[in-house]
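Visitor: Listed here are the chains, written in short residue letters.
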Amino acid sequence: MRQPLILLSALFLLCLFSFAFAFSVGSITFSASQIIDALFSNHTSIAQTVIWELRAPRAYIAFVTGGLLSLAGVLMQILLRNPLADPYILGVSGGASVAALLAMSAGLAGGWVSGSAFIGALLSILLVFGLAHGKGHWSPTRLLLTGVVIAAGWGAAINFILSISPDAPLRGMLFWLMGDISNIAPNINGLLALLLGLLISFALARKLNILSRGELQAGALGVSIKPLRIGLFLLASALTAFAVTQAGSVGFVGLIVPHMIRLIIGSDHRILIPASVLLGGSLLVISDTLARVIIAPQQLPVGVITAFIGVPFFLFLLNRSMAGKQND
Amino acid sequence: MTKLQIKNLTVQIGNKKICEALNLNLQPTEIWGVLGRNGSGKTTLLHTIAGLRAATGGQILLDDTDITQLPRKSVAQKLGLLMQHTEDAFPSSVLETVVSGRHPHIENWRWENANDYEKARQALQQVSMQSFEQRQINELSGGERQRVSIATLLTQDPTIFLLDEPNSHLDLHYQINILEDLCEYARAQQRIVFMSLHDINLAARFCTHLLFLFDDATIHSGRAEELLTTEKLSQLFQHPICAIENNAKFFYTPAQ
Numbered sequence: 000m001r002q003p004l005i006l007l008s009a010l011f012l013l014c015l016f017s018f019a020f021a022f023s024v025g026s027i028t029f030s031a032s033q034i035i036d037a038l039f040s041n042h043t044s045i046a047q048t049v050i051w052e053l054r055a056p057r058a059y060i061a062f063v064t065g066g067l068l069s070l071a072g073v074l075m076q077i078l079l080r081n082p083l084a085d086p087y088i089l090g091v092s093g094g095a096s097v098a099a100l101l102a103m104s105a106g107l108a109g110g111w112v113s114g115s116a117f118i119g120a121l122l123s124i125l126l127v128f129g130l131a132h133g134k135g136h137w138s139p140t141r142l143l144l145t146g147v148v149i150a151a152g153w154g155a156a157i158n159f160i161l162s163i164s165p166d167a168p169l170r171g172m173l174f175w176l177m178g179d180i181s182n183i184a185p186n187i188n189g190l191l192a193l194l195l196g197l198l199i200s201f202a203l204a205r206k207l208n209i210l211s212r213g214e215l216q217a218g219a220l221g222v223s224i225k226p227l228r229i230g231l232f233l234l235a236s237a238l239t240a241f242a243v244t245q246a247g248s249v250g251f252v253g254l255i256v257p258h259m260i261r262l263i264i265g266s267d268h269r270i271l272i273p274a275s276v277l278l279g280g281s282l283l284v285i286s287d288t289l290a291r292v293i294i295a296p297q298q299l300p301v302g303v304i305t306a307f308i309g310v311p312f313f314l315f316l317l318n319r320s321m322a323g324k325q326n327d
Numbered sequence: 000m001t002k003l004q005i006k007n008l009t010v011q012i013g014n015k016k017i018c019e020a021l022n023l024n025l026q027p028t029e030i031w032g033v034l035g036r037n038g039s040g041k042t043t044l045l046h047t048i049a050g051l052r053a054a055t056g057g058q059i060l061l062d063d064t065d066i067t068q069l070p071r072k073s074v075a076q077k078l079g080l081l082m083q084h085t086e087d088a089f090p091s092s093v094l095e096t097v098v099s100g101r102h103p104h105i106e107n108w109r110w111e112n113a114n115d116y117e118k119a120r121q122a123l124q125q126v127s128m129q130s131f132e133q134r135q136i137n138e139l140s141g142g143e144r145q146r147v148s149i150a151t152l153l154t155q156d157p158t159i160f161l162l163d164e165p166n167s168h169l170d171l172h173y174q175i176n177i178l179e180d181l182c183e184y185a186r187a188q189q190r191i192v193f194m195s196l197h198d199i200n201l202a203a204r205f206c207t208h209l210l211f212l213f214d215d216a217t218i219h220s221g222r223a224e225e226l227l228t229t230e231k232l233s234q235l236f237q238h239p240i241c242a243i244e245n246n247a248k249f250f251y252t253p254a255q
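If you read the sequences in order, they're chains L and S.
For the first sequence, numbering that gives the first Met the number 0 assigns the number 0 to the initial residue and increments by one for each residue that follows.
For the second sequence, numbering that gives the first Met the number 0 assigns the number 0 to the initial residue and increments by one for each residue that follows.
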């Protein structure tokens with residue numbers, strides 16, 4: 000019982016650090032005292048303007064997005080009982096992207112793009128799960144493969160839309176695709192979705208622990224599988240849709256984060272869920288800050304940073320799980 | 000006292016009938032063995048009786064209530080199932096795995112407490128795995144993993160034990176020991192055991208009742224001594240089987 004508390008406290012500190020990092024680094028660097036002054040005193044200064052109007056909203060969006068993606072990752076992994084499942088890999092982000100790009104090429108902006116992305120994400124999930132279910136058994140492997148193939152299909156659709164688009168909206172489209180949180184107005188929707196999702200999944204946590212041992216075993220131990228499965232599916236989809244709507248397609252956060260927590264503390268979802276949200280949020284705040292400063296004054300989309308971290312990590316995990324199988 | 004009634008049960012996978020209009024009345028202290036060839040539907044029958052698979056027709060009554068009408072949690076408080084295969088997708092320690100058997104007995108908002116862990120440790124001791132508590136389940140051998148599954152079921156402590164090949168992967172020593180302990184426990188604590196087995200001699204040694212699943216969905220069930228005849232066994236396994244007597248006990252072995 001002590002270990003989880005230490006981990007959660009450490010993650011909370013990481014979380015504070017990530018925000019401090021985001022507030023201090025950029026075109027103008029602020030010291031700790033300047034940040035504290037800007038945050039807690041009333042007199043106006045450059046630091047106050049820059050932090051409150053530029054850096055804090057962005058860090059907030061990054062944190063919420065990271066939290067949403069990590070939580071969605073945890074839920075999808077348990078639903079598919081596959082540690083490699085992730086909203087990005089399952090093609091959800093792809094579906095959202097296609098819908099968002101279509102909206103952009105129709106000349107729509109703002110809420111329309113977000114709304115389309117949301118619907119695109121949900122449609123994509125329905126498509127993946129519907130196709131994988133078919134008439135037969137709903138096997139996790141089949142679901143993952145279907146997701147990967149659908150993701151490839153979305154990729155082609157994205158290329159198609161990009162290649163027939165006029166130059167004007169192209170840059171915005173590309174940034175959206177790469178996962179970009181520089182142009183989003185801070186809003187409460189994502190945070191509410193995150194808190195609600197956190198609450199629901201925390202309440203389900205012990206059932207999720209049992210579900211991780213397989214659907215039949217969970218059924219035998221007294222978990223009603225069907226409602227849980229549908230609930231998880233809807234919740235994970237909605238969380239992903241909110242994240243993608245906020246930040247475009249940011250890959251691999253939902254994959255890396257839960258895995259790191261599992262390596263440290265094991266698979267108890269009562270710890271895994273809050274810890275993943277904290278780590279995912281912090282990780283995206285740090286990544287986004289790096290994205291701002293690495294080749295400043297130019298900004299990178301945050302999705303580039305997460306992909307640079309995520310791809311090797313995914314391959315490492317895949318390799319490890321294969322090696323594990325061979326040892327059996 | 001918990002009782003399990005099977006009424007007019009018909010089970011079908013696709014077009015293949017496993018059993019038709021099966022009627023059984025399982026009473027406490029009875030040890031049932033299900034014998035049949037590969038693919039005769041032993042596992043499917045067990046899963047159906049556990050309420051994890053819809054029956055094609057008929058009912059499973061757990062204390063006079065249709066099992067499909069009961070919440071899964073109250074079913075799991077009375078009825079436990081040992082699966083033939085485990086799905087270990089995520090890392091988990093032996094103790095964590097075994098304590099998961101307490102799930103149906105823990106209120107929704109409560110965490111496992113010292114008492115639950117105590118029960119899990121006792122169960123581990125019963126299968127001689129007490130020194131494995133902190134080991135990861137994916138590092139265990141097949142037989143050790145099977146003993147962890149059995150310990151999980153013992154931690155669940157249902158009144159009805161449904162066991163699918165409980166002795167698979169187990170050494171001779173554990174095959175005998177674990178079945179002996181379980182049957183002893185069932186007799187002393189008024190439990191029902193209903194298990195599929197491959198080994199006729201283990202069935203003869205431990206079971207009070209037997210159920211033969213023939214390939215054509217005919218079923219013979221009844222007291223063990225009535226069913227254990229070389230003709231019936233040869234017909235069931237589609238292979239000539241002879242009996243060898245030793246110390247007034249019969250042992251069954253394939254002829255030639």
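Don't read these hints as lab results, they were simulated from the structure.
Wrong hints could be hidden among the right ones.
[Unchecked claim] A short, non-exhaustive set of chain S residues, derived as facing chain L with CB atoms under 7 Å:
| # | residue |
| --- | --- |
| 1 | Leu51 |
| 2 | Arg52 |
| 3 | Gly56 |
| 4 | Lys77 |
| 5 | Met82 |
| 6 | Gln83 |
| 7 | Glu86 |
| 8 | Ala88 |
| 9 | Phe89 |
| 10 | Pro90 |
| 11 | Ser91 |
| 12 | Leu94 |
| 13 | His102 |
| 14 | Pro103 |
[Claimed, not checked] Within a straight-line C-alpha distance of at most 30 Å, the following computed DSSO-like cross-link-like pairs (lysine-lysine) qualify:
| # | chain 1 | residue 1 | chain 2 | residue 2 |
| --- | --- | --- | --- | --- |
| 15 | S | Lys16 | L | Lys225 |
| 16 | L | Lys225 | S | Lys248 |
| 17 | S | Lys118 | S | Lys6 |
| 18 | S | Lys16 | S | Lys248 |
| 19 | L | Lys225 | S | Lys15 |
| 20 | S | Lys77 | S | Lys16 |
| 21 | S | Lys231 | L | Lys225 |
| 22 | S | Lys2 | S | Lys118 |
| 23 | S | Lys72 | S | Lys118 |
| 24 | S | Lys6 | S | Lys231 |
| 25 | S | Lys231 | S | Lys248 |
| 26 | S | Lys16 | S | Lys6 |
| 27 | S | Lys118 | S | Lys16 |
| 28 | S | Lys15 | S | Lys231 |
| 29 | S | Lys2 | S | Lys77 |
| 30 | L | Lys225 | S | Lys6 |
| 31 | S | Lys72 | L | Lys225 |
[What the hints assert, rightly or not] Estimated spans, in silico, between C-beta atoms of each pair:
| # | chain 1 | residue 1 | chain 2 | residue 2 | range |
| --- | --- | --- | --- | --- | --- |
| 32 | S | Asn176 | L | Leu316 | 38 to 48 Å |
| 33 | L | Arg141 | S | Gln133 | 33 to 43 Å |
| 34 | L | Asn41 | S | Trp110 | 40 to 50 Å |
| 35 | S | Ile12 | L | Ser8 | 22 to 32 Å |
| 36 | S | Trp108 | L | Leu316 | 27 to 37 Å |
Each residue gets a CB set at the ideal place from its N, CA and C atoms; glycine is no exception.
Visitor: Taking the hints in turn, state whether each one holds.
Guide: Status of the hints after comparison with the structure:
no.	hint	result
1	Leu51	holds (5 Å)
2	Arg52	violated (9 Å)
3	Gly56	violated (21 Å)
4	Lys77	violated (10 Å)
5	Met82	holds (6 Å)
6	Gln83	violated (10 Å)
7	Glu86	holds (3 Å)
8	Ala88	holds (4 Å)
9	Phe89	holds (4 Å)
10	Pro90	holds (6 Å)
11	Ser91	holds (6 Å)
12	Leu94	violated (11 Å)
13	His102	holds (5 Å)
14	Pro103	holds (4 Å)
15	Lys16(S) with Lys225(L)	holds (26 Å)
16	Lys225(L) with Lys248(S)	violated (49 Å)
17	Lys118(S) with Lys6(S)	violated (35 Å)
18	Lys16(S) with Lys248(S)	violated (35 Å)
19	Lys225(L) with Lys15(S)	holds (25 Å)
20	Lys77(S) with Lys16(S)	holds (28 Å)
21	Lys231(S) with Lys225(L)	violated (41 Å)
22	Lys2(S) with Lys118(S)	holds (24 Å)
23	Lys72(S) with Lys118(S)	holds (19 Å)
24	Lys6(S) with Lys231(S)	holds (24 Å)
25	Lys231(S) with Lys248(S)	holds (18 Å)
26	Lys16(S) with Lys6(S)	holds (16 Å)
27	Lys118(S) with Lys16(S)	violated (40 Å)
28	Lys15(S) with Lys231(S)	holds (22 Å)
29	Lys2(S) with Lys77(S)	holds (10 Å)
30	Lys225(L) with Lys6(S)	holds (25 Å)
31	Lys72(S) with Lys225(L)	holds (14 Å)
32	Asn176(S) with Leu316(L): 38 to 48 Å	holds (39 Å)
33	Arg141(L) with Gln133(S): 33 to 43 Å	holds (35 Å)
34	Asn41(L) with Trp110(S): 40 to 50 Å	holds (45 Å)
35	Ile12(S) with Ser8(L): 22 to 32 Å	violated (52 Å)
36	Trp108(S) with Leu316(L): 27 to 37 Å	holds (33 Å)
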